[in-house]
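Top to bottom, those sequences are chains A and B. The first sequence begins at 1 in the UniProt record's numbering and counts up by one. The second sequence begins at 1 in the UniProt record's numbering and counts up by one.
For the record, the hints were derived by calculation from the structure and aren't laboratory data. Treat the hints with care, since some could be wrong.
[Said to hold, decoys possible] Looking from chain B toward chain A, a few residues come up when the C-beta cut is under 8 Å (computed): (1) Arg204; (2) Glu243; (3) Val253; (4) Leu342; (5) Lys343.
[Unchecked claim] Pairs of lysine-lysine, DSBU-like flavour, derived with a Cα cap of 35 Å: (6) A:Lys234 with B:Lys273; (7) B:Lys241 with A:Lys101; (8) A:Lys120 with B:Lys263; (9) B:Lys137 with A:Lys223; (10) A:Lys340 with B:Lys391; (11) B:Lys252 with A:Lys120; (12) A:Lys134 with B:Lys202; (13) A:Lys298 with A:Lys120; (14) A:Lys107 with A:Lys120; (15) A:Lys233 with B:Lys177; (16) A:Lys107 with B:Lys202; (17) A:Lys134 with B:Lys274; (18) A:Lys340 with A:Lys412; (19) B:Lys144 with A:Lys223; (20) B:Lys172 with A:Lys298; (21) A:Lys134 with B:Lys160; (22) A:Lys46 with B:Lys274; (23) A:Lys63 with A:Lys101; (24) B:Lys160 with A:Lys298; (25) A:Lys257 with A:Lys234; (26) A:Lys340 with B:Lys137; (27) A:Lys340 with B:Lys160; (28) B:Lys137 with B:Lys121; (29) B:Lys196 with A:Lys298; (30) A:Lys46 with A:Lys253; (31) B:Lys196 with A:Lys248; (32) A:Lys247 with B:Lys177.
C-beta atoms are modelled at their ideal positions from N, C-alpha and C, and glycine is treated no differently.
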Amino acid sequence: ASCVQHRLVVRDVSSLQVRQIYPCLDQIQYIEWSSDSLFILCAMYKRGIVQVWSLEQPDWHCKIDEGSAGLVASCWSPDGRHILNTTEFHLRITVWSLCTKSVSYIKYPKACQQGVAFTKDGRYMAVAERRDCKDFISIFVCSNWQLLRHFDTETQDLFGIEWAPNGCVLAAWDSCLEYKLLLYSLDGRLLSSYRAYEWPLGIKSVAWSPSSQFLAIGSFDEKVRILNHVTWKKITEFEHPATIASKKTIVYKEVEKSPSIETERLTFPPTGALACSLFSTRSKYEISEVPVSLQYIKPVADRANPKMGVGMLAFSADNCFLATKNDSIPNTVWIWDIRKLKLLVVLEQLCTIQCFQWDPRQPRLALCTGNSRVYLWSPTGCMAVQVPGEGDFQIVSLSWHSSGDSMVLLSKDNFCVCYFKREEI
Amino acid sequence: MGDWKTITVPVLSSDSKNIFQYTSERRRSPTSMNSQVLRLPLPSSKNMHSFLSAFCTEENIEQSISYIDRELTTLGFPSIYAESKGKELNLISIINCMNELLTLQHKNLRAQEEVEMQHLKLGSDMDHLQNCYAKLKEQLELSKREIVGLQERDRQLQSKNRNLHQLLKNEKDEVQKLQNIISSRAIQHNHDMKRKEREYNKLRERLHQLVMNKKDKKIAMEVLNYVGRADGKRGAWRTDKTEARNEEEMYKVLLSDYEQRQKQLLLENAELKKVLQQMKKEIISLLPPQKQKPKERSEDRLVLSDTEEDIGELNKENMWELSCETVREQLINSIRKQWRMLKNHVEKLDNQVSRGHSGAWNEKDVISREDHELETEKLELEIQQCKEMIKTQQQLLQQQLTCDDDTTLLLQDCYLLEERERLQEEWRLFREQKKNFEKERRSFTEAAIRLGLERKAFEEDRGAWLKQQFLSMTADCKHSENVTTPSAFLRSKYLVQIIFLHSSDQDNRLVKSTSQQRKPPSVLNGPVSAESCQTPHYITHNSVESKETAGDSMPNLGEESDDKEETE
């Protein structure tokens, strides 16, 4: 599904054929599929309207109007039948039910990055709240939206919450002014709290490993700390220094090569292919010799939210690898081997990394740096794939298909789907 | 040998000349001995002459002989002349003298050799020592310079160190200050934030009220038709039951998760245990059984058997259930022991290898670590025992020295003895003084007796004179019958005196006898004191009588007796 201005276009994945087009009232800001892929919600924040379309029944329609309350965010509930709208100024979260047309309100939600978190199995929802200058977390049962637990957290300013994939532990962390990570069990008990240091800027990103065994915390001091689920204590620290000296890590460096042009072969007017090949530069990976010094950008000292620290964390689906990005060395992706707790590979790109994501099935990492190439890495090797096409295709973000066979590459205005050929054994 | 001086011992006689020459030349140059030997039996008369001319010539043979004789005699040799003081030479004695001189010469030469050897040695030693001394002086100089240099460097480093310390302190102070600043600012920020948040909350509340109150018709949901629930069930009412069920479900979820985790952990534990046991077995197999101490071996065997038994039991039963502390600890301990033994063994092997590389390696020399340890343990035990023995002995000694009751009694006895001795000494002094006094008294009494005797004699003389006078007077009276009364009066006076004298003598005798009869009481200085006691009595007697009859005649005695009485 994709939206174009005010139209929602639904295409088929395998063939990209247009299946449906739904018109909406206003420019769509956000679309989301329901969990059973039967419905799509389109949120228009300016107007405060959410429209829901059904795939099976194109005639079915639903419109939710928040009115003067305004709309800031909207999302599905895990069962695919409720929509949670966050009103402006985070006044409240309204839960609209598609089955019963009933409304529930959740008061005082917290205006933070990840204020609402659903467990993987969709049974429980955790909402961060703030009353009287104190942070609270409410756990709701998604089936009937009953409040299960309501407890306060010891944070100064709760920044985000995230469920462990096993649904039993909730991680809540404080804003970057204070390094504090709290772990609560499903029934609201505080299992443990972790604090690495006191004064410098704290947690930037948090990621659970798929088996819930590890919790990776990326912080502003350019380190990733990994906690284990048995004792909730740090088992190791990953550093992201600007020079890599260890002989065991492989450093892939993206190298651009402009193709050599033979002036004799130039024809006028230049054919499309030739023109493309002239301007497009090929790049490939080369293994650089250790020690390698990476491009380190010193963050501006007097601005808030400095561009330093580990901003992106992602575990691979098989729990073997962790990909991190240090914002002060923005061109590189660090891949760590979780089984050995060591740095495995460093991918050095030419431009800043915009996004990376693991394949949901295999240990394969795809990343994009804002140029028209998508880079793939797997334990067997890495490669750069050029998106064919005319002009520039600045890949801003990418997203894997759940089967791991294809990938959507998004640029500002366009998107394309990348398919992976299955090797026939 | 060429240094030998030619010894000019004068030649004695022609007979021994050859020998002499022979010997001296021999000493001079042994290499040329042969030639000399050849030459010798036929000494040229020239040599002889040259030699002889030095000292003895044909003219002064006798002088030279006498001279030689004198020298020899002064040296202690027998005279070379024959017994009679003639000019005949005693050949035998000459030969003897020569022989002795030769032996002396030998000795002296030998001594000289030795001395010269020593002299050489000393000279070389001296050289050597001087060299050493020079070298040592040089070394000393060098080391002194080094020391100075090092001291200088040390001073510099110390000053640097001090500077660095100072810097470090400054930095630390700064850090502390900054931290304080940060904390205060953080507190301030929090406070401000809270204040702003409260304001914001108020605004929100206000807004919320407005929004809710407005009763916007717009806020509605328009649905074409209701959608069925995903799972096809109907919606349920919110009741307490549902709440309870929710709780139940939540706990179920949690519990299942914990159970899963526990299962995983148990699996892990079992695996690890297996691995540990394997490791242990392998370590045991690695260790050579000979080098183990019998004690340890038995211990290990015991432990092994125990753990093996336990493990056997474990294996029989379900592993998950028997993860008790004791078994775990036993396993861990046994593994640790085995590991230590293995380590020792490996170290031993390393030592052996290194020694084998270096050179000859005697197995006997290698003291295995365990033996070494055994010995050290034994020695330590011995030391302990000795210490204990010493302690006990000390205790016993102290006991002997410091007894409780016996010592005090002894002490008292000692004190008594001391006092007794002191008293005895005093008594001795006292007795001595007494003796002296006795002596004096005796001397005085003797003097008194003498005086008494003299007096008696005097009295007798007086009586006799009186008698004579009386007789003479009577004779005169016969002549004249007129002068009777004065002569009769005188006669009567003289008679009285004579009677008195006799009576006093008798008294004396009486007194003496009584004195002799009276025996003194049991006093040490018995007789002396008795006499001393009696003589005053006697003297008093005398004095009394003397006072009665004639106080003038014995004034001194009475005084003396009084004195004596006073002294007594």
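Checked hints:
no. : hint                   : result
1   : Arg204                 : holds (6 Å)
2   : Glu243                 : holds (6 Å)
3   : Val253                 : holds (6 Å)
4   : Leu342                 : violated (27 Å)
5   : Lys343                 : violated (27 Å)
6   : A:Lys234 with B:Lys273 : holds (25 Å)
7   : B:Lys241 with A:Lys101 : holds (23 Å)
8   : A:Lys120 with B:Lys263 : holds (22 Å)
9   : B:Lys137 with A:Lys223 : violated (64 Å)
10  : A:Lys340 with B:Lys391 : violated (62 Å)
11  : B:Lys252 with A:Lys120 : holds (16 Å)
12  : A:Lys134 with B:Lys202 : holds (15 Å)
13  : A:Lys298 with A:Lys120 : violated (38 Å)
14  : A:Lys107 with A:Lys120 : holds (24 Å)
15  : A:Lys233 with B:Lys177 : holds (32 Å)
16  : A:Lys107 with B:Lys202 : holds (14 Å)
17  : A:Lys134 with B:Lys274 : violated (51 Å)
18  : A:Lys340 with A:Lys412 : violated (39 Å)
19  : B:Lys144 with A:Lys223 : violated (55 Å)
20  : B:Lys172 with A:Lys298 : holds (26 Å)
21  : A:Lys134 with B:Lys160 : violated (53 Å)
22  : A:Lys46 with B:Lys274  : violated (65 Å)
23  : A:Lys63 with A:Lys101  : holds (11 Å)
24  : B:Lys160 with A:Lys298 : holds (34 Å)
25  : A:Lys257 with A:Lys234 : violated (43 Å)
26  : A:Lys340 with B:Lys137 : violated (65 Å)
27  : A:Lys340 with B:Lys160 : violated (45 Å)
28  : B:Lys137 with B:Lys121 : holds (24 Å)
29  : B:Lys196 with A:Lys298 : holds (33 Å)
30  : A:Lys46 with A:Lys253  : violated (44 Å)
31  : B:Lys196 with A:Lys248 : violated (52 Å)
32  : A:Lys247 with B:Lys177 : violated (42 Å)
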